[in-house]
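Student: Sequence:
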Amino acid sequence: MSIPDYMQCAEDHQTVLVVVQPVGIVPEDEFFRIYKRIASINQVSIRDSQRLLYIRYRHHYPPENNEWGDFQTHRKVVGLIAVTTCSSAKEWPQTSERFHGQKEVFGPTLYDSRLLVFGLQGEIAEQTRTDVAFYPSYDKCEDVEKRVEDFVESIFIVLESKRLDRATDKSGDKIPLLCVPFEKKDFVGLDTDSRHYKKRCQGRMRKHVGDLCLQAGMLQDALVHYHMAVELLRSVNDFLWLGAALEGLCSASVIYHYPGGTAGKSGGRKPSVSQAADAGKRHRPGAQEVLIDPGALTTNGISADTSSEIGRAKNCLSPEDIIEKYKEAISYYGKYKNAGVIELEACVKAVRVLAIQKRAMEASEFLQNAVYINLGQLSEEEKIQRYSILSELYDLIGFHRKSAFFKRVAAMQCVAPTIAEPGWRACYKLLLETLPGYSLSLDPKDFCKGTHRGWAAVQMRLLHELVYASRRMGNPGLSVRHLSFLLQTMLDFLSDQEKKEVTQSLENYTSKCPGGMEVIALPDGLKLPPVPFSKLPIVKSVKLLNLPVSLRPRKLKGLLGQNMATKSPFIYSPIIIHNRGEERCKKIDFQWVQGDVCEVQLMVYNPMPFELRVENMGLLTSGVEFESLPAALSLPAESGLYPVTLVGVPRTAGNITVNGYHTSVFGVMSDCMLDGLPGVKTSGCVVEVVPALPRLQLSTSLPRSANSRQPSSGEEPSSSVSVQLFNGESQQLLVTLENIGSEPLETLEVTSKMVNTKEKVFGEFLSWDLEGALSQLPLKPGQTVVLTVDIKVKLDFSGQENLLQDLNDDGISVTGLPISSPLRQVLKPRSENKPMGTESGKPDYNQVKMLEAVLHFKYSGGQGQVEGYYRELSLGVHVDVEPSVFFTRVSTLPATSTRQCHLLLDVFNATEHELTVSARNNQDVVLHASECQRMAIQVDKFDLESLPEPDEERFRFASPRQLEEERQLVQGCRINGELHLVWSIPSLRRTGEASVEGVLNQLVLEHLQLAPLQWDVVVNGKPCDCNIIAECSVGDMVPLEVRLTNRSKNAVGPFSLNIIPFQDYQNGVHNYELQDVVTFIGSNTFYIDTVKPTEDCNCAGALLFLYAGDFYLNIKFQDDSSCGRDLPLAWFCLPNVHVKAVDSPF
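Per this note's numbering, the very first residue in the sequence shown carries number 1; after that it's consecutive.
Just so you know, these hints were derived from the structure itself, not from any lab.
The C-beta atom is built at its ideal place from N, Cα and C for all residues, glycine as well.
The list that follows gives simulated cross-link-like pairs (lysine to any residue, SDA-like), each with its CA atoms no further than 20 angstroms apart:
1) LYS103 / TYR35
2) LYS858 / LEU774
3) LYS140 / GLU28
4) LYS792 / SER701
5) LYS90 / LEU120
6) LYS792 / LEU770
7) LYS198 / SER235
8) LYS146 / ARG56
9) LYS535 / ASP492
10) LYS527 / GLN488
11) LYS555 / THR652
12) LYS540 / PHE447
13) LYS681 / GLN601
14) LYS1116 / THR1079
15) LYS1022 / ASP1110
16) LYS849 / THR757
17) LYS1022 / PRO1039
18) LYS535 / GLN488
19) LYS555 / GLN863
20) LYS162 / VAL44
Here are the computed distance ranges between Cβ atoms for each label pair:
21) ASP524 / GLU142: 31 to 37 angstroms
22) PRO1023 / CYS973: 27 to 33 angstroms
23) MET361 / SER639: 48 to 54 angstroms
24) ARG401 / GLU91: 53 to 59 angstroms
25) ILE419 / PRO62: 19 to 25 angstroms
26) VAL649 / ASP496: 36 to 42 angstroms
27) ALA457 / ASP675: 27 to 33 angstroms
28) ASP165 / GLU142: 34 to 40 angstroms
29) PRO523 / LYS555: 56 to 62 angstroms
30) GLY24 / ALA457: 52 to 58 angstroms
31) PRO523 / VAL649: 41 to 47 angstroms
32) ASP492 / ARG401: 18 to 24 angstroms
Throw the hints in and build the complete structure from the sequences for me.
Tutor: So this is what it looks like as structure tokens:
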């Protein structure tokens, strides 16, 4: 026997072998359909008995194996079922002859046979025969199973008769010697009468009867016979048959201990009734356990009635003894070269038993022995079968890597050089089956979890073999998939040279068949998942970038509550289950805009030892319609972290989720999902896309700043302009706004804010008129609007303490007073040895100051405006302010009029150029570089009490000092507006304003303030003030009128005024003795009653000049009320009256 049955198991010893074969030409599919129906009758309950007969069907069985039927009866073909197709009566004789020829092949051992004829109808089909069944077709054969059951019962009858015949033979005849085929020549010439020979015959027969009992369902009787056979055969050293007896004993014990069988799930069987009863005896309390005395057996047999014997379970081997007996039997088989198949099958049976007992190490010893059993010259198909079975058995005992090894050997055997037509498909299929044994999966997701499992070198070798096998199969798509898998999962274990070779091979394959992300389905149902190249390049972090500041959408404050209504007011809630995995799904706190380019930054690096070219790299998103704009990049060898920005445009509004990215590397398209990249850091991948908004582009008439400074607010302006101005100078800035978006611009607001300055700015730094721009709205895409912004710098013009020394009248030239004024004089220049600068020698008055402001353009339009969103464009304005002029001292001098005074300004030229300063109705003052002069400006006094008070809302929480400073600022602004101080630098053709705001102190303001009590004197119908001279004729009555206007908040008076005339000789001598020169018509004293606020009071009198000359009237004030004494003296400044009396012409 040279063909082993690797599927045998211990319980097969109790089966009878039936061969089902086709006769003549039978369609293969029809034959196997009938074969499956026949094979379904694998056990039959015998009538009038509790026994079961087990049947083992084979559709192919080598006749030489049948010759070993006496050695082990389960190897003997006892039944034959032939299936044939016969369409006419003419074919029937030939079909019947073929059937008889088939029976002759197994003739000596057959108990019974059947012929199933399909397609024959007529007289022949109507004949009633027990060994032939006729059916009109393969579809109309309902009673096939019933006929098979009848056939099995007939086999049982023959089997039972043979058992009884052998077991009860007491005739004293000689027992025949049962032999295996190779023993027959060895027993020629032996003495058949010797005791040794008879014991050999008895032992072999006892073993044979044990086999028949086991097949007939009499397990206990079989155990008794096997025990007796072992004793007899051991005594005569008949090792081959002793091994068979021990194996039979093991098989019977296995059947007893494991009623479900040892062949696994597919070969499992239901326990029989008798087996269930025996199992009950095993565990029955108090059951007698008495071993049957082998002496109870007769010389030629055993008692026919064994039912009285009890405790038969003692004849059954324990699970441990079963293995020991298997080892002993196999060792006996090993003594015979021709028993290699028997030895191999015994090893397989023992392994199956040990697998149930979970004794893997001992099972591996049996398998190791099976590997080295020499079966002679085996065909390639037999070798493949042998290695495959060894692989399955190793897998059965949990030796998965060993199983994979033999499976791979079987795969290599399929394409051995000795095979004319290598079976690459079978090789590929077997290689796939080895993957689990080497801890290898074709799903790349399994390699993202924890550390690497398995031997990488072996795994790479196996993957290379899969690539080669798939290529030889003519399936380049499979080759690309396996090679991609090798590169992705084994990248860390490949040397630099191997990386180059693998990538070159991959590029060669993909040039013919590009790799993609589709699932490859194999014919056997296995599906190969896609292999994304998540390591080419390796992505370490993914960050969704906010839009530039100028493009970010902002929500109107009134609508913010709509989005926050669902948020919890609690910082932490114990009900919420926090999960780190949710970080990737959390929503980011900024928004993207429909139709605008959005960016996602990836930090990647190239692990390859050569330059990596990545093509068609773009984003994978969901939630909204998204247009990805792919990029191509080239990463240097082992580049380290490298930033890559992927861009795209959302086409609809909603929530967008960035799921991953796609690439094309080495011709393989990959979709890399972030969920499959456990090492990737991300701050969230879900962002809201708001409806489309207009987009403005800004350009200016002034040059852009080379280095824009970061404002204190933290938001960098979209752009910035820079300009250099002198203090007080103005500049126009033209801002052009172009709508470069796809939505119309419908609303526009402009605001400004000062930043990064500690300087006090007077007036409006930036001003504009928005009406003209608003009149052009809505602004369609592509249209522009121009806005004019006035930049006016007006800082403090006051000089610093260390700028100049205190200036006295002898060190300054004064300009601006009338030539006739005693104050108009040329004074001595300032001493040159007086220091002007700081210790470093650099004058600190040349210090350039900086002003920065941001213009905010708030605009909206389109659907985004409907949803309450807008955008804000900012323009930074940076001005370097150089000093122009300083006012080092400010003072006042009284003028000839009570309603006027002289404002004295010490003006210093802080520039390096000649500078001219001018004021309203005043001479220009020319100042050289670093020169200081005093200019006097005659100004009307101001009614500062009528100025508006500071805003109560703005200064609600201000201190009294702050309120006073604000009042002074308002007063200074009023005064400065009347002065119209202007400077100009002719050489530069630049001009600007000079401001006294912030320069005027409280004392100067008081001198410039118009007194609340206004006194007006009218002589001869002409008001007398300043340098006005009232003329009259000698001898004429000159009317004199004094008017008091009360501008204060309280009533004043009563008062009395005393008018005294005098003459001024211009040498410091005043003559008041004018009783003979000037006389009053009436009293020289005027009385003024109480004057209420906003009311006035007039007093009238008359003078008579008797001589010609220049006369002055001194009006003295007398207070006749107690409250009047508390009023300041400045309220009672009455003008001096100059009257010129001339002789009347005749």
